[in-house]
Structure formats: C-alpha cells, structure tokens
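Visitor: Each protein sequence line maps, in turn, to chains A and B. Using the working numbering, you'd call the opening residue of the first sequence number 1 and step up by one each time. Using the working numbering, you'd call the opening residue of the second sequence number 1001 and step up by one each time.
If you are wondering where the hints come from, they were derived from the structure by calculation, not from laboratory data. Each residue gets a CB set at the ideal place from its N, CA and C atoms; glycine is no exception. Possibly wrong hints are sitting among the right ones.
Now the stretches of chain B that chain A is said to cover, found in silico as 3 or more residues with beta-carbon under 8 Å [as the list claims (entries may be wrong)]: (1) 1072-1079; (2) 1135-1149; (3) 1161-1172; (4) 1181-1188; (5) 1201-1215; (6) 1239-1245; (7) 1335-1348.
Across the chosen pairs, the derived CB separations fall in these ranges [claimed, not checked]: (8) B:Gln1378 to A:Pro148: 20 to 28 Å; (9) B:Thr1426 to A:Glu61: 45 to 53 Å; (10) A:Glu61 to B:Pro1423: 22 to 30 Å; (11) A:Arg193 to B:Ser1111: 57 to 65 Å; (12) B:Arg1313 to A:Ala222: 35 to 43 Å.
There are 2 protein chains.
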Amino acid sequence: MSTYLPDATHAAAARSWVASANAPACDFPLQNLPYGRWRRPGDSDWRLGAAIGDQLLDLAEAGLVPHGDMNRLMAWPLSERRRLRQALFEGLHEGSPRQADWAAALHPQASVELGVPCEIGDYTDFYASIHHATTVGRQFRPEQPLLPNYSWVPVGYHGRASSIVASGQPVRRPWGQTRPPEGGTRPRFGPCRRLDYELELGLFVGAPNALGEPVALGEAEAHLFGVALFNDWSARDLQAWEYQPLGPFLAKNFASSVSPWVVTMEALAPFRAPLQRPDTQPAPLPYLDSEDNQQQGALDIQLEVWLQTPAMRAAGHAGDRLSTSRAADAFWTPAQLLTHHTVNGCNLRSGDLLGTGTLSGPAPEQGGSLLELSAGGQQPLRLSNGEQRSFLEDGDTVVLRGFCERPGWRRIGLGECRGTVLPARTGSE
Amino acid sequence: MSTYLPDATHAAAARSWVASANAPACDFPLQNLPYGRWRRPGDSDWRLGAAIGDQLLDLAEAGLVPHGDMNRLMAWPLSERRRLRQALFEGLHEGSPRQADWAAALHPQASVELGVPCEIGDYTDFYASIHHATTVGRQFRPEQPLLPNYSWVPVGYHGRASSIVASGQPVRRPWGQTRPPEGGTRPRFGPCRRLDYELELGLFVGAPNALGEPVALGEAEAHLFGVALFNDWSARDLQAWEYQPLGPFLAKNFASSVSPWVVTMEALAPFRAPLQRPDTQPAPLPYLDSEDNQQQGALDIQLEVWLQTPAMRAAGHAGDRLSTSRAADAFWTPAQLLTHHTVNGCNLRSGDLLGTGTLSGPAPEQGGSLLELSAGGQQPLRLSNGEQRSFLEDGDTVVLRGFCERPGWRRIGLGECRGTVLPARTGSE
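Given only the sequences and the hints, what does the whole structure look like? Please build it.
Guide: In structure tokens:
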C-alpha cells in the first residue's frame, strides 16, 4: 500500500546547516521538507517554498522549480517528486556545497505571508472517524448512533472551495436561520450561537485521474501528494435546521482553515500504522480492502486542539490543550477515501482537497469538536483559568497541531492551523 | 429586482444580417446574443463567442474582447456588459457597416467544439422546485413529504465542479454500492441500475462577492451573469444507500452536463414573472423577501425533456418529449438562491454555478426526472414506439431544451443540453 518506504532522507542522524532545523522539537527538520506557498508583504504572486526549521527555502531562487504553480508540482510523477526531495535533502544537509548559494534563498517564515498551499479546485469532506460519527450520531439518534451504511461506505460530501482560508486569517461568525423556538414554526434569524471547530487532516491530491477512470486501492497512494491540518469551522445551530435532506451547507461554507505546509507522503513513510477496525465491524468490500491497507494504510499522526480565549491572551497565557487524538484511529485510510471517491468514475484534479472529517479518538475527552467535548452544549468545558465554554466565543483562537513521533526516527511536524473568531457583522434581523 | 429592463436590443422587429438568426423558431436571434466558449478541432485553447442563428461570432476576431477568458468577462461591471451587448446588437443588425469585417469572424456552430462555458470554481445545487421536493419526499416519507425547513430555507448543497461536462459529451454509467438485498446486511456493488437525469437551470455568477460580505436581495441580480440548461445525472440506487446523514455524493458527482450558451440576464429582461408561492406557504423571512422579488423575481422559461432510445435512433426517430415544465413554477427565485447562499458570508466567484435543482411542474406528468415520472420505477413510462422506461438504459440520449416565448417579443432560446449514456466499465464485483 504505502508507495514510499523510508530511505536515506529519513535517517534520524542527518542534520541540516540551517541550525533551527536541528532542534529536537522542531516540526520541520531535514527529514520533513514540506511544501507551501509564500509571498513578501505587498506582493500579489505566490512563490513555492519548502520549510526547513524556522526558515523556508524558495524553490525558484534555489534553482529547483522555475515557476510558482503548486498544482503543477503536485501533478508531477512520483519519480520527479522523489528527485526534488532528494535534491532538497542533499542541498540542505550539513556540509553541502550548496550552502553558500542557497543561504540567499532562505527566508524566515515569520517575515513572510504563508498562503493556502495551492489552488483548490474541489474540496470533499469525509466522516472517517467512527468515534466522531458515533458520538455525534448519539446526540441525534440515541437508539441508533451509527446508520447501517457507516460500516460499508466512506461517507463523504462536497464542501466549498472558495472559502478555504490560510491559517492565521480570522473567521467571522456567520448569520443564518436556526430552528424555530419551542412551539413556533417561524425560524430564528441572527448570528450563529453554536460556533464550533472541527479537527481534521486535509489530504491533497497529487496525480489526477481522468473522468470515468476509477483509481484502484493499490494505486491510491500514488495519487496522494501530502497532508495538512484542516479546521472545518461549523455553525451547529444553522446545521441542525438546514441539513435535511441534502446535508450541511451554510453551516460549513462560511470558512475552513488550512495549515500552510503540506507534509508529503514521502516524509510520512516511517509513520505508517495498521488500520484500527473494531472487531464488531465487517471487513470492507473488496474494492476497499487489501492486506497492505490493513497493515499500513493508516497514518500515525498525533493531533491536538488548543484554545486561547481573549482573557488568556490578555494574561499572557498560551492557551489550554482541549484534546488529543490520533489519525490512526480513523475507520478509513486515506487510500480508501480516495478509491471510494473515484469508484464511480469521479475525476480528482491535482490540488483537490479531501478532508478526513473530524478525527476524534475513542475516549470521550478525545472529541475533535466542542459539540463532542461539551456533549452538545450540555456540559460546558471548564478551562484552566476558570472560564467555561460550550461553543466558541468572539475572540477565541483555535489552534490545531499535528506531529509524528516514533523511537528511531526524527519527529516530523505538520506545524499549526490557527484561526480567531471575529464578531458577527452588525445588521438588523 | 430585475436589474435589466427591456430596451432597444429587445425590439421584436430587429433583424440580423445573419439570415439564420431571423427564422421565427431560432433560439439565437439578434435579441438573444448568449456567450460561450468554442475551439477549432485540434486546438487546445478556448475562444469566446456569441451565438447568432446557427453561427457564432468570435469576440476576439470581431475586435470586442481581446482574450479568451470567460470568467474575466463574467466579472465585468454591469455597464461593461451592457456596452458589449449593445455593440453586438448594432454590429450584427441588418445594414450594419460592420458586416463586411465581421463576416470573417463568423463560424458555423456545427463546425466547432463548444465547451463548458467557463471555468467553474464551485458548483452548488439547490432544491428550488416545491413540486419536485414534494413528489420525491412522498416516495421516502409518505406521511411528511415536505420537511418543516422547506418553507423557509432555500435548501442547497455543494456538488462537484470537476465532473461538469459539455453538452454532447457521453456519460458513463457509474459503479457503486447500493442497499443490501432484503434481509441482508452486506451492500451490493456493481453498475448503477437506476440511472436518471434531472432537468435544471444552471445560474452563472457574474460579479463576485468578498468572503464575509453577504449580498442583499436587492443586489442579487447584479451578481448573476446568465442561465444555461443543466442535467444533474443521478444514480438513484447509489443515492438511497449513501445519502444519510451528509447528502448525495457519488450518486451525483460522476457527471453533470451543461449547455454551451449562457443566456444573459439582460436578454431575459422581457421574460420576468411573479413568484408562484402557494397560499398555504408562509411569506419568506425578510432577508429573502421584497415586493420586486414577488412581482418579477421569477424567470418565465419553458422547459422540455426529450428521450431518444437506441431503437428510435436506428429508426430515424428524433425522440419522445417526456415532459414540459416552467422555471417560473419554482418556489425560490434566482435572486433568493444567491442571497441565501451568501447570507453567512460565503463568497461566490465569477463563473461559479448555482443549479436550481430539478424543475418539475405541479402536474404529475411535469416531473423533471424519471424518478418522478415513473413513480420511483413503479410505473414505467410507455414510449411512442412501444418501448418502456423506468430509468435510463445504455445508449439512451437525453436532451434538455429551454426557451422563452411571449406575445410582442422575439423568442429567446437556451439551445439544448444533450448527453448519451455509455455502458458501465466492465470489471469484477
């Protein structure tokens, strides 16, 4: 299944001449080399970069990729992608003769704007965590938390590409219709009162498939470029009123945030894991099943959600960690999501984004959204400074973090995906 | 509400020096002037054209628009769009001094490839026909065909942009999972057995709105560029199994077909109609209501679905007309759909596509899909040559047609949206 086996570019002892990359807790060591888009303040065109420590290497200035089109890079065949990773690894390695040239192509990440990693043509959101689906389903249908199709279908739906924003961009609380008050028939209309985050991974498509040509499970990983952090902001009160019968719409499409650095499938090679499928669940249908997928189809990425309230910010408090979970606890692997998406012939283009859906763990405190952590608002969370939260309040900052750690390998990080809630627009109801 | 009032470019007596445009039944008279993209066989780049009779005028060769980027044209301010329409009308008018120059910029539509009209960033599908929603809802929930939110929410969901194809391109029958057989738990997997069409209009967005900036109802028409025919092919058996709880996905995203010519809101100015809202329904919430919208928010477009089976084709039979309906019977107007879509701050980009949803009429024979016309497959249609259809069979060609006719005005047509069903890929289950 995994198309990428660990090689010399993953050797834990390898060090970079970029000193910040060698710090043990660094997300972007020489073994990672994720790609993103950046520009100088005031520039309009994006440039391509690879993160290394707290710097980025401009791919054009380093003579590696002459253009600024990430989607084109994502479409490269595997051999070209490997060649680029190898060139970056060698050129950024301690003692490389390129250091003299490339030092001028380095830019501090903190001094530039980091964008959405590519032009996202279509964005699909899945529902791959059985723990999330069960907890949320129980709130709506206590007698049948999981619908019968969940065991068989990697449930997904299409989302909005235009409103995907870069990490750091604030997100405005949306207005919308919500359920009529008890006993009434006329819905309320006003600012969302149950604003939530969703902790997800975003999988970026690499090589495209043609319309009408499904991608078999054994080929699916070759069509994945890499992984970023993804916050699918959700207006729970809008969602509850609008979502039947065609699914979520305005409850989701006001904004989603994505982290700037796409960690490649190559970089993740040492961090594969077996699929954790509960014994009570049937084996997948043959088109979604293989020994390889069972043994190493999952990604062993550790995930965290942090919340910093305005009061915390004022007190110089970095925020509370609300939850931790693992991507490897998902019910479906990235390859299964991609194969299912194309089994009807649907075409995926380079740069398309597949959200995993909220990645909650099996324990109640591992919920990847406030909807789960506060039991639908019934049990507010008590924060370390004494504040409480059922849902997000104006000024709250949500930070998603992700990283891989395993004995014998360098830590690989996904960086962070950050967003702050702005108050709703003023207006008349 | 309607931003465009009839003017001299709608005068019924105006005739073109392009003779085919003056035929009474012509879809593309001088008063229409829809825009589309075309290319010569073998070319890779699209060019912009305006349809006139059975010809098209290349906008670059005519010196009107120097580029081939329809999305840029769609983003033009109203004043620029009016200027272009006026220039086309005058230059193609009988007796115009431009005839000598522009004759060389004419190309027979039949000799070129007509494409999807623009690059579609995001595609949204609505559910705007209460007749469709009621008939389909009755099949699933006889006791409550319409859910309580239908009266208030212009229900919509996101669809797939990558698989929208041009009229004329064949559509392959998809594979997928369907419900387990009676008494079983394991779903079937194989080619779709309940393939259907959906008769829709596609509304193209003109001027964009910024993320976080809703478009008020009174401004909504200024953000609409024009209208095309749209067939949202649907795999009903896949849909029934997959759609809960997040909505349709693989049942829809294998293909949608769009007609090549976008009829502008300017051209449709003489064909506005009052909103037909049943007396039993409440008035919309204030953000979706205005006197203008009630009086002339709807589009008086007549719609038809035609089916030609392989046996008909072999016999030289043009096909049966399966249904007729009217866009003006929709429960929500185009402006209401656009305003609702942005009320939470969602940004629409030039060239984005809003499908109306299936436009069925109030009578049972006016269903805009086979699901409705065959009562979910229970009552097969008898065709004029003795064949029967519950759902589409391989080789069937579906043609959507649309036009406006009113005494005192020239007929304005949308042309046709055509697609033929290819057999499913062969493969093992």
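Visitor: Decide, hint by hint, whether the structure agrees.
Guide: Hint by hint, here is what the structure shows:
Counting residues of the stretch 1072-1079 of chain B whose CB falls under 8 Å from any CB of chain A gives 0; the rule of at least 3 is not met. Counting residues of the stretch 1135-1149 of chain B whose CB falls under 8 Å from any CB of chain A gives 5; the rule of at least 3 is met. For the stretch 1161-1172 of chain B, the stated coverage by chain A is satisfied: 5 residues place a CB nearer than 8 Å to a CB of that chain, which reaches the threshold of 3. Counting residues of the stretch 1181-1188 of chain B whose beta carbon lies closer than 8 Å to any beta carbon of chain A gives 3, which meets the minimum of three for the stated coverage.
Using a Cβ-Cβ cut-off of 8 Å, 3 residues of the stretch 1201-1215 of chain B lie near chain A, which meets the minimum of three, so the contact claim holds. Counting residues of the stretch 1239-1245 of chain B whose beta-carbon sits less than 8 Å from any beta-carbon of chain A gives 5, enough to reach three: the coverage restraint holds. Counting residues of the stretch 1335-1348 of chain B whose beta-carbon sits less than 8 Å from any beta-carbon of chain A gives 8, enough to reach three: the coverage restraint holds. The hinted range of 20 to 28 Å is satisfied by Gln1378 of chain B and Pro148 of chain A, whose Cβ atoms lie roughly 24 Å apart.
Checking the proposed 45 to 53 Å range against Thr1426 of chain B and Glu61 of chain A shows it holds: the Cβ atoms sit about 51 Å from each other. Range check, Glu61 of chain A to Pro1423 of chain B: about 52 Å between beta-carbon atoms, so the 22 to 30 Å window is missed. For the pair Arg193 of chain A and Ser1111 of chain B, the supplied restraint of 57 to 65 Å holds, since their beta-carbon distance comes to about 59 Å. The hint said 35 to 43 Å for the Cβ distance between Arg1313 of chain B and Ala222 of chain A, and at roughly 41 Å that hint holds.
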